[in-house]
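Undergrad: Since the structure of chain A is provided, determine the placement of chain B on it from the hints.
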Amino acid sequence: MSEKIYGLMAEFDSPGALLRAAEKISAGGYRKWDCFTPFPIHGLDKVMGYRNSLVGWVALAGGAFMFLNIAGLIWFANAFDYPVIVGGKPMFSAPMTFVPAYIMMIMGGALGALIGMFGINQLPRLHHPLLGKKRFASASRDKFVVVIGANDEKFCATQTKQLLETLGGANVEIVEEQE
Amino acid sequence: MSLPQNNPPKAALKSALPGAMIFIGGALTVVGLIASFSRNGGKEFGFSWLLAFMFYYSIALGALFMVMVHHLTDAGWSVGIRRFCEHLASLLRWPLLLMFLPVGLLAPKIYAWLSAGTPATNDLIAAKYPVFTLPGFWITSAIFFAIWWLLSSRLCKRSLQQDETGSVECTRKMRFHSGWGIVAFALTLTFSGVFWMQATSYQWFSAMYGVYFFASSVWAALAFIYVISVALLRQGILTPVLKQNYFYFIGVLLLAFTLLASYTEFAQYFVVWNANMPTETFWYLRREEGGWWTLSLILILGKCFIPFFALLPIHTKTNFKVLIPVCLLIAVMHYADLAFNILPAWHPGQHHTKWLLLHLGTVLFMGGVLAKIFIAKFNAHPPYPQRDPRLLEAMGVSHNVVNDLIEANAGGAK
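Residue numbers (this note's numbering), protein chains in the order written: chain A, 1 to 179; chain B, 1 to 414.
Bear in mind the hints are in silico, worked out from the structure with no lab data behind them. This structure is a prediction, so every number in the text was calculated from the model and none was measured. Please note: incorrect hints may appear among the correct ones.
In silico DSBU-like links for lysine-lysine, alpha-carbon gap of 35 Å or less [to be verified]:
(1) A:Lys32 with A:Lys89
(2) B:Lys157 with B:Lys372
(3) A:Lys32 with B:Lys14
(4) B:Lys372 with A:Lys24
(5) B:Lys354 with B:Lys372
(6) B:Lys243 with B:Lys354
(7) B:Lys157 with A:Lys46
(8) A:Lys46 with B:Lys173
(9) B:Lys321 with B:Lys377
(10) A:Lys32 with B:Lys321
(11) B:Lys14 with B:Lys321
(12) A:Lys24 with A:Lys161
(13) B:Lys321 with A:Lys24
(14) A:Lys89 with B:Lys128
(15) B:Lys128 with B:Lys377
So the derived label-pair ranges between C-beta atoms look like this [unchecked claim]:
(16) B:Gln235 with A:Asp45: 28 to 34 Å
(17) A:Asp142 with B:Asn245: 26 to 32 Å
(18) A:Ser138 with B:Gln161: 34 to 40 Å
For each residue, glycine too, the CB sits at the ideal point set by N, CA and C.
The following block holds chain A by itself, in its conformation from the complex (with noise of 0.2 Å):
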């Protein structure tokens, strides 16, 4: 068994006290950490710095990339390709182009939300290290779980271990990645 270490997990009782210690993490400069909860605390995406997500950003390369390519496919079938005169209208007019470019721009951009979204939760993945522990199943019912990733650059496992447990954490354990 591999002895590659994931991060460490930490369970808190109360949301109060998730928030007071995401606080205190947030302030020790800790930047690849998550929180677990059972149902959404509000204001804990404030004390955790979190920033809007980039998924929008994504989804409006995907709708304009769309919109371009159909608006230029219907210039090059009806202006370039193969020009014909249809009801007495220019060979290439935008109002023409703009309904089914519009169309087209609705699915590139719900495709790019789409892939986004997959793309930054790094999904689809068969297996994630955090549920080989069984405690952290308890982060669905009545438990708060901090985890904070090895890859941190402040990540020190004696070190992090003492923040964690000074600030209240329960059960501070290792999680380790499985090959």
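TA: What follows is chain B alone, placed relative to chain A:
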């Protein structure tokens, strides 16, 4: 945070702006009025006054819509902004009725259909026979104002009554009036938009016109609501009932109506462009000549793309430094859009720049007078509904208790 008291506090909104607007606008209007009557028998003044009237009238209608939607959806957050929306909507009573009188008196100059022949000689007049006559014009307009008068006075009266009694019956009554009101609103808004604005080019048809006018009106009204909310927040008048996320909600609505207004305007163009019938295309052809072409391009940018992309990111909706300029742009663009609809009927090709001063004058003067009336109405009553059943929710007291506890907890550990 203070709870509602038995003696409702009076609002004290102050602004030097309306006075200045009346002064400058009044001077320009008088000069323009004399010039217009000596050059073209008041026709220019009539169009200019109609344009300014449509601008403020659409904003009052948009505010009325917001009040009714608030009641119909049983909304909580908008309790704080409801009172001044009611006052904006109540401008539809005698203030805007008085402002409409010059339009009515100059109607023969403004509306070509009044001198376009008799039903016997003109098919288009015959098709709309009882309405498209001078008595028909006055009677129809009177019906519009009667409905708005009834609607806005009922909604205002019950709202103010609730400040005194705290009775739930008032909320029920306001909901009832919103119920029939939203239907009456849809009909009167559509018909008045078609009758007063679209009928300047009476030969033209568009099934999209009503919904387009609705979308633009609420859009501009939301921009006004945003700016007034910020002003009332800065003067500390609505501090207890205006939270950061309420501005986000108004911003979201503003974004939605930016889309709806652009969509309806584009759809109207698209249908006319596709059908390609001379009875419809003439309206757009006229607006592709001279300065109107430039204006139409400015509108595509300023009415659709700039507000859309400015409102799109989540954080700008609560950022006053971005949103106040955007709201001002929306107001200007709404005015320009109305001008694009109304003025080419009288100024095909090129618009004389000297008359722009008259347009500026009428819009400033009318805005100043209406703002004075609005501020007087607002200051005569409590600044927000004092005993609305949803007031505590709007103040963020009831449903955020857990939040506050958590915040207090987290704050206590600092």
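Undergrad: Does B:Lys377 lie within 35 Å of B:Lys321 when you go C-alpha to C-alpha?
TA: Measuring from Cα to Cα gives roughly 29 Å; hence the hint holds.
Undergrad: Given the hint of 34 to 40 Å, check if A:Ser138 and B:Gln161 actually sit that far apart at their C-beta atoms.
TA: violated (55 Å)
Undergrad: B:Lys157 and A:Lys46: Cα distance at most 35 Å?
TA: violated (43 Å)
Undergrad: The hint says 28 to 34 Å between B:Gln235 and A:Asp45; measuring C-beta to C-beta, is that right?
TA: holds (32 Å)
Undergrad: Are the Cα atoms of B:Lys14 and B:Lys321 separated by 35 Å or less?
TA: Measuring from Cα to Cα gives roughly 21 Å; hence the hint holds.
Undergrad: Please verify whether B:Lys157 and B:Lys372 have alpha carbons no more than 35 Å apart.
TA: holds (21 Å)
Undergrad: Under the criterion that the straight-line Cα-Cα distance not exceed 35 Å, is the pair A:Lys89, B:Lys128 satisfied?
TA: holds (33 Å)
Undergrad: Under the criterion that the straight-line Cα-Cα distance not exceed 35 Å, is the pair B:Lys372, A:Lys24 satisfied?
TA: Not satisfied, since the Cα-Cα distance of roughly 53 Å exceeds 35 Å.
Undergrad: Could you grab the alpha-carbon distance between B:Lys354 and B:Lys372 and see if it respects the 35 Å cut-off?
TA: holds (28 Å)
Undergrad: Does A:Lys24 pair with A:Lys161 here, judged by a C-alpha cut-off of 35 Å?
TA: holds (14 Å)
Undergrad: B:Lys243 and B:Lys354: Cα distance at most 35 Å?
TA: Status violated; Cα separation ~45 Å.
Undergrad: Does the alpha-carbon distance linking A:Lys46 and B:Lys173 stay inside the 35 Å limit?
TA: violated (42 Å)
This entry does not satisfy hints 1, 3, 4, 6, 7, 8, 15 and 18, going by the numbered hints stated previously.
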